[in-house]
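Participant: Sequence:
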Amino acid sequence: PRPCAAGLPVRDGRFLLVRRDIEPRRGLWQVPGGFMELGESPAEAAARELREEALLETGTMRLLGVYTPVVNSLVVIAYEAEALNEGGPGHETQEVRWFRPEETPWDELSFSSSEFAIRDWMRRNGLAVPGALVTTWGG
Numbered sequence: 082p083r084p085c086a087a088g089l090p091v092r093d094g095r096f097l098l099v100r101r102d103i104e105p106r107r108g109l110w111q112v113p114g115g116f117m118e119l120g121e122s123p124a125e126a127a128a129r130e131l132r133e134e135a136l137l138e139t140g141t142m143r144l145l146g147v148y149t150p151v152v153n154s155l156v157v158i159a160y161e162a163e164a165l166n167e168g169g170p171g172h173e174t175q176e177v178r179w180f181r182p183e184e185t186p187w188d189e190l191s192f193s194s195s196e197f198a199i200r201d202w203m204r205r206n207g208l209a210v211p212g213a214l215v216t217t218w219g220g
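Under my numbering, the sequence shown is numbered contiguously, ending at residue 220.
Since the hints were derived computationally from the structure, they do not count as laboratory data. Each residue gets a CB set at the ideal place from its N, CA and C atoms; glycine is no exception. It is possible that some hints are incorrect.
[What the hints assert, rightly or not] With beta-carbon atoms standing in for the labels, derived distance ranges:
#1 Arg181 - Leu119: 35 to 45 angstroms
#2 Glu138 - Gly212: 12 to 22 angstroms
#3 Leu144 - Arg83: 16 to 26 angstroms
#4 Glu176 - Pro105: 11 to 21 angstroms
The task is simple: from the sequences and hints, build the whole structure.
Facilitator: Here you go:
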């Protein structure tokens, strides 16, 4: 499996997603993340991806979960990331948007790991989580 890291930025009860501007799944929303580079820790990789994809600086990183979608042989290590600024679109991103939990675009998420991370964050914060998984695409 290929190791990936992702960071779900949170601020004032909202979380940030990015709309992809690259394939696969161009135009859909995701938790910022990507492949780890040699010598990076998962938290360092997540922070780098947040800077690259969302122009976001982060503080504390808390592990949300480790996800292993069977579709594409990835291991995604996801963090809750304290957002220190509002962010903006990076070079692989069409736009960024802050969502309240009830605004989650469940049917527009690009990868199952994004859905898993959002669900785990909602559970951690005592929020209602929809019953059935929506995203069927791995990653």
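Participant: All hints, please: hold or fail.
Facilitator: Hint check results:
no.	hint	verdict
1	Arg181 - Leu119: 35 to 45 angstroms	38 angstroms, holds
2	Glu138 - Gly212: 12 to 22 angstroms	35 angstroms, violated
3	Leu144 - Arg83: 16 to 26 angstroms	19 angstroms, holds
4	Glu176 - Pro105: 11 to 21 angstroms	18 angstroms, holds
In summary, the one numbered hint that this structure violates is 2.
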